[in-house]
Amino acid sequence: MIIKGGIVYDPTNGIFGEEMDIFLDGGKVVEEAKGEEIDAQGLLVMPGGVDAHTHIAGTKVNTGRIMRPEDARSGLEPKTKILRPCTGYTVPNCYAIGYRYARMGYTTVFEAATPILEARHTHEELEEIPIVDKGALTLFGSNWEVLECVRDGDLDKLAAYVAWGLRASRGYGVKVVNPGGGEAWGFGGNVKGLDDPVPNFDTTPREIIRGLVKANEMLNLPHSVHLHTNNLGKPGNYTTALETLDIVKDIAPTRDRQVLHVTHMQFSSYGGTGWRDFKSEAPQIAEYFNRNDHVTMDMGQLIFGNATTMTADAPLEYSNARLLHAKWSNHDIELEESSGVVPLVYGRKMPINAIQWAIGLELALLTESPWKTLLTTDHPNGGPFVNYPEVITLLMSGAKREEEMATLHELVAKRTVLPTIEREMDWGDIAVMTRAAPAKVLGLAEKGHLGVGADADVTVYDLRPEKIDPARDHKRVKEALGRVKYTIKGGEVVVRDGEIVAVPRGRTYWVDASVPEKDAERVQADLVDKFDKYYSIQKSNYMVQDAYVTNPVVVKAGVI
Amino acid sequence: MREIAIVPLQEFEVPLEAENIRPDLFATLSLEEIRDLEVWEGNRKRVLSDLFSVADDDGTGECLIRLDGDFSRVKRIGEGMREGKILVRGNVGMRAGSGMHGGSMQIEGDAGDWLGREMRGGSINVKGNAGNYVGSRYWGERCGMRGGEIKIEGSAGAYLGDHICGGRIVVKGDAGDFPGASNRGGAITIGGDAHLPGAEMVSGAIVVKGRARVLPSYGFQETAEIEGKLLWKFVGDLVEKGKGELYVALVEDDGQLDK
Ligand SMILES: [Zn+2]
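Chains as they are written, first to last, in the numbering used here: chain A, 1457 to 2016; chain B, 6 to 264.
Hints are supplied without guarantee of correctness; some may be wrong.
A few chain B positions that, by computed beta-carbon distances, are all more than 12 angstroms from chain A [as the list claims (entries may be wrong)]:
no.: 1; residue: V52
no.: 2; residue: R125
no.: 3; residue: G145
no.: 4; residue: R147
no.: 5; residue: T194
no.: 6; residue: V207
Straight-line alpha carbon distances no greater than 27 angstroms define the calculated DSS-like cross-link-like pairs of lysine-lysine that follow [claimed, not checked]:
no.: 7; chain 1: B; residue 1: K246; chain 2: B; residue 2: K132
no.: 8; chain 1: A; residue 1: K1783; chain 2: B; residue 2: K156
no.: 9; chain 1: A; residue 1: K1535; chain 2: B; residue 2: K50
no.: 10; chain 1: B; residue 1: K50; chain 2: A; residue 2: K1537
no.: 11; chain 1: A; residue 1: K1648; chain 2: A; residue 2: K1537
no.: 12; chain 1: B; residue 1: K177; chain 2: B; residue 2: K132
no.: 13; chain 1: A; residue 1: K1974; chain 2: A; residue 2: K1460
no.: 14; chain 1: B; residue 1: K50; chain 2: B; residue 2: K156
no.: 15; chain 1: A; residue 1: K1460; chain 2: A; residue 2: K1670
no.: 16; chain 1: A; residue 1: K1670; chain 2: A; residue 2: K1735
no.: 17; chain 1: B; residue 1: K248; chain 2: A; residue 2: K1783
no.: 18; chain 1: A; residue 1: K1986; chain 2: A; residue 2: K1974
Cβ-to-Cβ under 7 angstroms is the rule here; a few derived chain A residues that face chain B [as the list claims (entries may be wrong)]:
no.: 19; residue: E1487
no.: 20; residue: R1524
no.: 21; residue: P2008
None of these hints come from the bench; they were simulated from the model. Don't be surprised by glycine CBs; every beta carbon is placed ideally from N, CA and C.
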């Protein structure tokens, strides 16, 4: 296949708006190829989109669906000859997830939080999400074996357990949510800062984060530790975020990437002493990122309207539910985590929500390098992923931001600096934030770019970058971003003129990391004991079998 | 007045989805266009004239739809209607008048479940009985009925006015389990008996003129006279720090109530 004459943005390879042909063959980008020609003359062409943080599969997503039958009243699309029926907005069904990402030109999406104990469910759903390639990050932040290894300072055993946990969950990377807090919540408590002890384990969030980051690097994992900070969602939490960023500064990554990815930073950039004097501290966070290169973040942009919050930060969900008098689901995941789900509505005239909305944009616009700030809404916590076109146009158009701000609570002008920001991003910045950077952050060498050897995942937008001014014509741009001209996945046209035309099965990435035998044995001895005494299931039934990951890409890593 | 008369051509074996039977829609259409309106019979797409005879008296002005026969398997009649009238000489199926904003519906037989679900305005009168979830919410939503009035001459099933946020429901006969659950501002009057009214009620009022068992999370306040009848007045549901008013003529007491 040849994609002819597009205006190509491929930041990884230093290409920013050059007219060129792209050749695809055997599912890869190649030097030369023959076959079908896609006429992209003058159209915007980018690598397929990569979402490094979204919640699309697993027990908490399904809990959201069960709690929110009303969500399934929207987003209804009947079945067609090739499509299954779709439902839902914040918690769409599996098919809708695949189709909607593909229609926006996304071809790779990563589920951001899976407990090992419930990973089988995650994979059952990932298997049903069509078209896109997928992966799941595994939760380790309140896991008893992790807490014990950290307490004992046994990094070799910790690394061996992480390797085993990834294999058991068929997971791709290490996710840490409110480290220690999930365990404390088992006793109705929480951890309130980096040095607040975790009950019964004689360790602290600081030690958990540092231990897991070191283990992650010992294992040479493709992705860094992926962290949801302590105190997330609370006024004044930006100090916790800054402190957290700093405590891993001395640890060297073993790969050419960040040593820590802090996710949905919007929820961790809050000032004030309470909700009354709640304000943005995004400028302080952005300044830290401008001065330091060891960390990355994603936005966690808020979208007005319906959202369903779902997180392994169970105490946070308890406070959400109490504050908003909303539906609440609470879940205890045995030795590993606790979690919660709370539906809510973000209102334009609600001062807190308006400020949160501004914070996400401030983070992206004030951080100079787009390589450090991935575009996400923490779907569906900040809002559903189908709103990425809205977020992109907000970043590209000051006029659009002004129009939006005019509809918000007036505190947005007093408690944030967004009205003073003039920066308007260009297509190069957007290609970085939605393709090149998420692939680099995840350590996916064949994704997010169009160099020879890359996966043949390409987006062609019905936009002429040389003719359209996104700052002015943001309505037209938003429309085109939501309904791409072509999405090509693995060398096959899957979307044409905004309609799905083929539904191939995507692949699932997971990491198989090797560790020294003696460490693996020590972990197994611990686990036999834990399964005997505490788990509700047998160890032999714990590990996700290959039958649940039928189209895998196994990435090798490890100590040896 | 323009009167459109609709009569089933057959007995329906599978339920019909007939949300196009609404007077404000008919008012904008010719008879031919009305006959061509879409109806789903199970999973098959039909038009109205495949299943019903449709006659037009060619009158002018407000539209009245007269439904003659058994419509108990015809769902969603008058859904979302904003004006006009529906007169049913028979029974209607599920979701009649759901999401109704205005106009009126007179049902001479029985109504199915979900009558007037999420109703916003207008009126519904039922001569016979109604099923479960009259004036209720859709699953998961915060609010059911917000406005308008539903009157039922017979009895109603369970979850009458579930999550009602406004408007008024009057049932002359009995109501089933949990009438007025999560009431947030609606008014419900039950002429006969009810079981455990007002669970999680926050505001609004429920009157039970017959016998009812009252939840232990209600506090007794005083006796009150309503329409010449002396009733016990309770306030609750205290589980929700509610200030809803519950009036009951005969309290089924299992000794737990502090009154
Ligand atoms: Zn998340």
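Verification of the supplied hints:
1. Interface exclusion of B:V52 from chain A stands, the closest Cβ pair being 18 angstroms apart, more than 12 angstroms.
2. At roughly 16 angstroms, the least C-beta separation between B:R125 and chain A is larger than 12 angstroms, which holds for a residue marked as non-interface.
3. Look at B:G145: its CB is around 4 angstroms from the nearest CB on chain A, not clear of 12 angstroms, so calling it non-interface is violated.
4. Not every Cβ of chain A is farther than 12 angstroms from the Cβ of B:R147; the closest lies at roughly 9 angstroms, contradicting the non-interface assignment.
5. Against the 12 angstroms criterion, B:T194 stays outside the reach of chain A, whose nearest CB is about 28 angstroms from its own CB.
6. At roughly 10 angstroms, the least C-beta separation between B:V207 and chain A is not larger than 12 angstroms, which violates its mark as non-interface.
7. This hinted pair does not check out: B:K246 and B:K132 have alpha carbons roughly 37 angstroms apart, beyond 27 angstroms.
8. Of the supplied pair hints, the one linking A:K1783 and B:K156 is violated, its CA atoms being roughly 31 angstroms apart against a limit of 27 angstroms.
9. Between the alpha carbons of A:K1535 and B:K50 the distance comes to roughly 14 angstroms, so the proposed pair stays at or under 27 angstroms and holds.
10. Pair hint B:K50 plus A:K1537 holds up; C-alpha atoms about 17 angstroms apart against a cutoff of 27 angstroms.
11. In summary, the hint linking A:K1648 to A:K1537 is not supported, as the alpha carbons are separated by about 53 angstroms, beyond the 27 angstroms threshold.
12. For a cut-off of 27 angstroms, the pair hint linking B:K177 to B:K132 stands: about 10 angstroms separates their Cα positions.
13. About 55 angstroms separates the Cα atoms of A:K1974 and A:K1460, which puts this hinted pair outside 27 angstroms; it is violated.
14. At roughly 34 angstroms between alpha-carbon atoms, B:K50 and B:K156 are farther apart than 27 angstroms, so this suggested pair is violated.
15. Taking the CA atoms of A:K1460 and A:K1670, the gap is near 46 angstroms; set against the 27 angstroms cutoff, the hint is violated.
16. Pair hint A:K1670 plus A:K1735 does not hold up; C-alpha atoms about 34 angstroms apart against a cutoff of 27 angstroms.
17. Distance check on the hinted pair: B:K248 and A:K1783 sit about 21 angstroms apart at the alpha-carbon level, within 27 angstroms; holds.
18. Restraint check: the Cα-Cα separation between A:K1986 and A:K1974 comes to about 19 angstroms, which is no more than 27 angstroms; the hinted pair holds.
19. With a cut of 7 angstroms, the hint placing A:E1487 at the interface with chain B is violated, because the nearest CB-to-CB distance is about 51 angstroms.
20. This hint holds: A:R1524 has a C-beta 5 angstroms from the nearest C-beta of chain B, less than the 7 angstroms allowed.
21. Checking A:P2008 against chain B: minimum C-beta separation of about 36 angstroms lies over 7 angstroms; hint violated.
Hint check: violations occur at hints 3, 4, 6, 7, 8, 11, 13, 14, 15, 16, 19, 21; the rest are consistent with the structure.
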